[in-house]
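Given these sequences and hints, build the entire structure.
Spelled out from the first residue to the last, the chains are:
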Amino acid sequence: MRHLVSNSPKPAQATPLNPRRRGIIVGASDGMGATLAHKLVKEGYTLALIARREEKLSSLCAEINTAEGETRALAYVHDVANYDEVPDLLRKIVADLGGLDLVVFMAGVNFPPGLNNYNFEGDRKMIEVNLIGAMAWLSPVAEMFQNAKAGQIVGISSVAGDRGRIGNPGYNTSKAGLTTYLEALRNRLTRHGVNVLTVKPGFVKTEMIKAAQGGTPFAISPEQAAEDIYKAMRKRKQLIYTASIWRWIMLVIQHVPSVIFRRMSF
Amino acid sequence: MKIKMQKTFTQLENFGHSLKAPSYLIKPQNAEDIYEAFRFAKKMGLTVAARGGGRSYNDAALNGGGIVLDTSGMNQILEWEPATGQVRCEPGVTLEQLWQKVLPDSWWPPVVSGTMKTTLGGCLAANIHGKNNFKMGPIGDHVVEFTAVLPTGAEVICSPKKNGDLFYSMISGLGMLGIFTSITLQMKKVYSGLLEVHAWPTRNLKEHLALIEDNAPSYDYIVGWLDTITIGHGQIHATNYLHEGDDPNPQETIKLENQNLPSRLFGVMPKSLLHYFMTPFVNDLGWWGVNTAKYIASLRRHTFRQPHAAFHFLLDYVPDWERSMGRGGLIQYQSFLPKETALQAWTEVLALTKKQGLPSYLGVTKRHRPDNFLLTHATDGFSLAMDFKVTDARRARLRSMLLECDKIVLANGGRFYFAKNSETTAETALAFYGQETVDKFKKLKKRCDPNGLLESDLYRRIFG
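Chains as they are written, first to last, in this note's numbering: chain V, 40 to 305; chain L, 4 to 467.
Check each hint, because a few of them may be wrong.
To be verified - Here are the computed lysine to any residue pairs in the SDA-like style, where the Cα-Cα straight-line distance is at most 20 angstroms: (1) V:Lys188 x L:Gly331; (2) V:Lys49 x L:Asn454; (3) V:Lys188 x L:His20; (4) V:Lys131 x L:Lys45; (5) L:Lys10 x V:Tyr122; (6) V:Lys188 x L:Arg463; (7) L:Lys10 x V:Glu182; (8) V:Lys49 x L:Glu430; (9) V:Lys131 x L:Leu28; (10) L:Lys23 x V:Ala51; (11) V:Lys49 x L:Lys45; (12) L:Lys23 x V:Tyr122; (13) L:Lys10 x V:Asp140; (14) L:Lys10 x V:Arg202; (15) V:Lys49 x L:Thr295; (16) V:Lys131 x L:Gly467; (17) L:Lys23 x V:Asn186; (18) V:Lys131 x L:Thr13; (19) V:Lys95 x V:Glu262; (20) V:Lys49 x L:Ala396; (21) V:Lys49 x L:Arg463; (22) V:Lys131 x L:Gly331; (23) V:Lys270 x L:Asp395; (24) L:Lys23 x V:Tyr157; (25) V:Lys131 x L:Asp395; (26) V:Lys274 x L:Thr394; (27) L:Lys10 x V:Glu93; (28) L:Lys104 x L:Thr87; (29) L:Lys23 x V:Lys270; (30) L:Lys23 x V:Asn234; (31) L:Lys45 x V:Lys95; (32) V:Lys274 x L:Ala396.
As the list claims (entries may be wrong) - Incomplete in silico selection of chain V near chain L, CB under 10 angstroms: (33) Pro48; (34) Ala53; (35) Pro55; (36) Arg92; (37) Pro126; (38) Arg130; (39) Ile132; (40) Val133.
The hints are simulated quantities; they were obtained by calculation from the structure and are not laboratory data. Being a predicted model, the structure only gives us computed values, none of them experimental. Here a beta-carbon is modelled for each residue, glycine too, at the ideal position from N, C-alpha and C.
Listed below in C-alpha cells is the structure:
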C-alpha cells in the first residue's frame, strides 16, 4: 500500500453549497476504470484511485489534476489481493478525502485456461481478485454506509457470471459470486438508504477483451460503458447491462435448457 | 480510558443538516482521556476536532475522516457559589444546565446564544455573543479562568492576567489550540425571572438600523427581525432586566417551571411534531405569508413581560425546527458591519438576493461592540444573520451569490462569524482578520499544537 501524490495539495473542503461528492475507484489504472474516473471527475467527484500499477496510476492522476487545475484525484498503489491492507487504506482515504459517498469496485483479472485445460492457479487468482478482493473492500464500506444511512456502491460484475460455460469456469464462478454478493449487499443496504448498483458489461474494448476467445459481438468503447454506468448511478438503479442489448441476450441464454447448453460450444 | 479504534465511522451533521461528515467519535471523560486521544491520533495519522452541542451552522464541529471528541461526557457543574455568582463547569455543560442551575439563586448567564443546547466549551471556542453584545461583549468577557489540555499534553490555566496570550486566543480560537477542561464564569445578578420586552415595528432598513442605534444605550438587550423577502418590514424587541422591586413576586418567576418552554402548542399538539406542519410554509410564497402576518401583528407598539428562557431561546421553541427546511437543510449567512457602512452594504446585499430570486427567510439584526479576542468577529456596528434554505436546484447559484456578498461585506470593512458562515473562503478570512492576526494565530498554533493534530473541516477551509 502506498500513497503516491503526497506533494499535491489536499482536495478542497466540502461545504453545504459545494458538497463535493467523494468516491473511490478500486481498479482504476486503465480501461473502463480510467475512463470512468475521467467521467466522474467531470461530473464533480473528487476521487481516490486505486490500482497495482504505479506508473499508469500516477500519470492518470496527473492528467486529471492538471486538466482540472486543482487536486481532484489522489493515487494509492494497492493490490486488492492484499486484503489486510484494506482497513488502514480505507481509513487513510476517508481522512484524505474528508468523507466518502461512492465506491466503485472495478478490479478484475481474467485467466482463460483454454478449452480443454484446467488451471487452478489462474482460477484461484480470479477468485482472489474478482470476488474476495471485492468482499475485502465492500464489506467495511457497506458497514460505513449503513451507519451513515447514505452512500452508493457500484460493483462491476460481468455477463459471464450469468451462466457457467465451457470456456472459463473460474471466471464465470468469480463473477457469479460477485453478482450474488452485490445482490445480498443490496438487500441489506437498501433499507438503510444505500444504493448498490450491479453492472454487467458484455464486451468492452479494453485490455481484457484480448482474453476473450472467439468473437466479441456488441463490443462497446470504455467511454460508452462509463456513460452507461454514470447514468445508472444517477438514477440509482439496481442492475444494468452494458451494452443494454445484453439484458435480452442473457435472458435467452439463462433459459437455454441444460440438456442443450451442455452440447453447445460457447 | 483505553482508546480503541472504533470499527467504523459515525456520521455527524451540522446544526442546519446541510453538511455531513464521517468521523471516529471518542467521548472523553477527563483531561487524561483528551491527552490520550491526542497520542492516539498522532499514532494513527489522524486529526482531532472537538464537538460540544453540535449547534454550529457550518463545519466548525465536523472533521471528515478524522477523530471527533464529543465533550458531552464532561458535563458536570463543578462548583457554584450563589454568594458571588461564580460557577466552574466542565466544557460539556450546556447553557441549559447552567441557567437552570443559577436562576433559582437569582443569577443568569451574562451572555447566551439563541439555543440553550450549546456547550460552554463550544461557546468559548466560537466566543459567542447574545442580543446584548453591545453592552456585555462576548462570552469571553465573562470568563474568570479556564483550564485546557494542549495537544502537547501540557495543561494550562488561563485568565486575563495569567497566560493572557492563550486566554485571548483560545477563546475565539475555534478549538484549534487546545481543548477546554474547566471553565469559570461570572454570572449576572437578576431580580426577577422575567424580562420587560418592548416591541415596535420598523418600515425599512434605514429606519430599522437607526432605531437599534438610538435605542441600544437605554436597553439591556436589543434585537431586530427583518423581513428579507419584501426587504424592509421589520420589528425590534428591546428588552430590560427588571430592577429590584419591579417584580412583586420574584421568588415565583425565577422558578424553573415558570421558565420552561411549553412542550405543547395550544396545550394540545406536541411541539415535537410541529416542524412537520411548518414544512409546507418553508418556500418563497409560504414564508412571504408568514413574514407579512408577523409584520401586521407587530404594527401595534406593545410592551410585555417574558421569562428569560422564552426571550432568549427562540430556536428551542420549536424542537427540530431546522428540519422543516427539508432534505437540503439550511445555512446561515451572518455579516458584521461597522455602523457607518452597514446600511449601504446590506442595501446592496439585499438587492442582490432580490435580483437573484434567492430570498432569505429570516433576517435577524443585532448591535455589537469590538472586543480584545484574537479571532474576533465583532465590530462597532451591526450584524445581520440571514437563513437560507438549501435545495439541489439552488445550491450553485446561492453559493456564487454569497461569495459575491462576501466581497460587498469586505469592501465595507465587515467581518464574519464562524459558528455561522459555511462558505467563506481562506482568502476572505485572511482579508478581514488581517495578515498580522493570522500570523499570530498560526504562531500560537505551532506552539500549542506542533504536530498539527487539531483540525476541523472549518480550520482546513479557512486556514488550510
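Status of the hints after comparison with the structure:
1. Using a Cα cut-off of 20 angstroms, the hinted pair V:Lys188 and L:Gly331 holds, with the two alpha carbons roughly 15 angstroms apart.
2. Distance hint between V:Lys49 and L:Asn454 is fulfilled; the C-alpha atoms sit about 17 angstroms from each other, no more than 20 angstroms.
3. A threshold of 20 angstroms between alpha carbons decides the hint, and for V:Lys188 with L:His20 the separation of about 14 angstroms falls inside it, so the pair holds.
4. The straight-line distance between the Cα atoms of V:Lys131 and L:Lys45 is roughly 13 angstroms, inside the 20 angstroms bound, and the hint therefore holds.
5. For a cut-off of 20 angstroms, the pair hint linking L:Lys10 to V:Tyr122 stands: about 16 angstroms separates their Cα positions.
6. Between V:Lys188 and L:Arg463 the CA atoms are separated by roughly 26 angstroms; this puts the pair beyond 20 angstroms, and the hint is violated.
7. Annotation: proposed proximity of L:Lys10 to V:Glu182 holds, straight-line Cα distance about 9 angstroms (limit 20 angstroms).
8. With a CA separation close to 16 angstroms, the supplied pair V:Lys49 and L:Glu430 stays within the 20 angstroms bound.
9. For the proposed pair V:Lys131 and L:Leu28, the alpha carbon gap of about 16 angstroms is at most 20 angstroms, so the pair holds.
10. A C-alpha spacing of about 15 angstroms is found between L:Lys23 and V:Ala51, which places the hinted pair at or below 20 angstroms, so the restraint holds.
11. Simply put, V:Lys49 and L:Lys45 have alpha-carbon atoms about 19 angstroms apart, close enough for the 20 angstroms limit, and the pair holds.
12. Among the hinted pairs, L:Lys23 with V:Tyr122 is inconsistent with the structure: their alpha-carbon atoms are about 29 angstroms apart, more than 20 angstroms.
13. At roughly 18 angstroms between alpha-carbon atoms, L:Lys10 and V:Asp140 fall within 20 angstroms of each other, so this suggested pair holds.
14. Distance hint between L:Lys10 and V:Arg202 is unfulfilled; the C-alpha atoms sit about 37 angstroms from each other, more than 20 angstroms.
15. At roughly 47 angstroms between alpha-carbon atoms, V:Lys49 and L:Thr295 are farther apart than 20 angstroms, so this suggested pair is violated.
16. Pair hint V:Lys131 plus L:Gly467 holds up; C-alpha atoms about 19 angstroms apart against a cutoff of 20 angstroms.
17. Pair hint L:Lys23 plus V:Asn186 holds up; C-alpha atoms about 12 angstroms apart against a cutoff of 20 angstroms.
18. For a cut-off of 20 angstroms, the pair hint linking V:Lys131 to L:Thr13 stands: about 16 angstroms separates their Cα positions.
19. For the suggested pair V:Lys95 and V:Glu262, the alpha carbons sit about 18 angstroms apart, so the restraint of at most 20 angstroms is met.
20. Between V:Lys49 and L:Ala396 the CA atoms are separated by roughly 28 angstroms; this puts the pair beyond 20 angstroms, and the hint is violated.
21. As the CA atoms of V:Lys49 and L:Arg463 are separated by approximately 9 angstroms, the hinted pair is consistent with the 20 angstroms bound.
22. As the CA atoms of V:Lys131 and L:Gly331 are separated by approximately 28 angstroms, the hinted pair breaks the 20 angstroms bound.
23. A threshold of 20 angstroms between alpha carbons decides the hint, and for V:Lys270 with L:Asp395 the separation of about 18 angstroms falls inside it, so the pair holds.
24. The suggested pairing of L:Lys23 with V:Tyr157 is violated, with an alpha-carbon distance near 51 angstroms, which exceeds 20 angstroms.
25. Between V:Lys131 and L:Asp395 the CA atoms are separated by roughly 29 angstroms; this puts the pair beyond 20 angstroms, and the hint is violated.
26. About 18 angstroms separates the Cα atoms of V:Lys274 and L:Thr394, which keeps this hinted pair within 20 angstroms; it holds.
27. Distance check on the hinted pair: L:Lys10 and V:Glu93 sit about 29 angstroms apart at the alpha-carbon level, beyond 20 angstroms; violated.
28. Among the hinted pairs, L:Lys104 with L:Thr87 is consistent with the structure: their alpha-carbon atoms are about 14 angstroms apart, no more than 20 angstroms.
29. A C-alpha spacing of about 25 angstroms is found between L:Lys23 and V:Lys270, which places the hinted pair above 20 angstroms, so the restraint is violated.
30. The suggested pairing of L:Lys23 with V:Asn234 holds, with an alpha-carbon distance near 18 angstroms, which does not exceed 20 angstroms.
31. At roughly 32 angstroms between alpha-carbon atoms, L:Lys45 and V:Lys95 are farther apart than 20 angstroms, so this suggested pair is violated.
32. Between V:Lys274 and L:Ala396 the CA atoms are separated by roughly 17 angstroms; this keeps the pair inside 20 angstroms, and the hint holds.
33. Against a cut-off of 10 angstroms between C-beta atoms, the interface hint on V:Pro48 holds, since the closest Cβ of chain L lies about 9 angstroms away.
34. A hinted interface residue such as V:Ala53 counts as satisfied when its beta carbon comes closer than 10 angstroms to some beta carbon of chain L; here the least separation is about 7 angstroms, so the hint holds.
35. About 4 angstroms separates the beta-carbon of V:Pro55 from the nearest beta-carbon of chain L, less than 10 angstroms, and the hint is met.
36. Hint status for V:Arg92 relative to chain L: violated, with the closest Cβ pair at about 25 angstroms, above 10 angstroms.
37. A least Cβ separation of about 9 angstroms between V:Pro126 and chain L falls short of the 10 angstroms threshold, and the interface hint therefore holds.
38. The interface hint given for V:Arg130 is met, as the beta carbon of that residue sits about 8 angstroms from the closest beta carbon of chain L, less than 10 angstroms.
39. Checking V:Ile132 against chain L: minimum C-beta separation of about 8 angstroms stays under 10 angstroms; hint holds.
40. Evaluation of the V:Val133 hint against chain L yields a held restraint, the C-beta minimum of about 4 angstroms falling below 10 angstroms.
Going down the numbered hints, you'll see the structure goes against 6, 12, 14, 15, 20, 22, 24, 25, 27, 29, 31 and 36, while the others check out.
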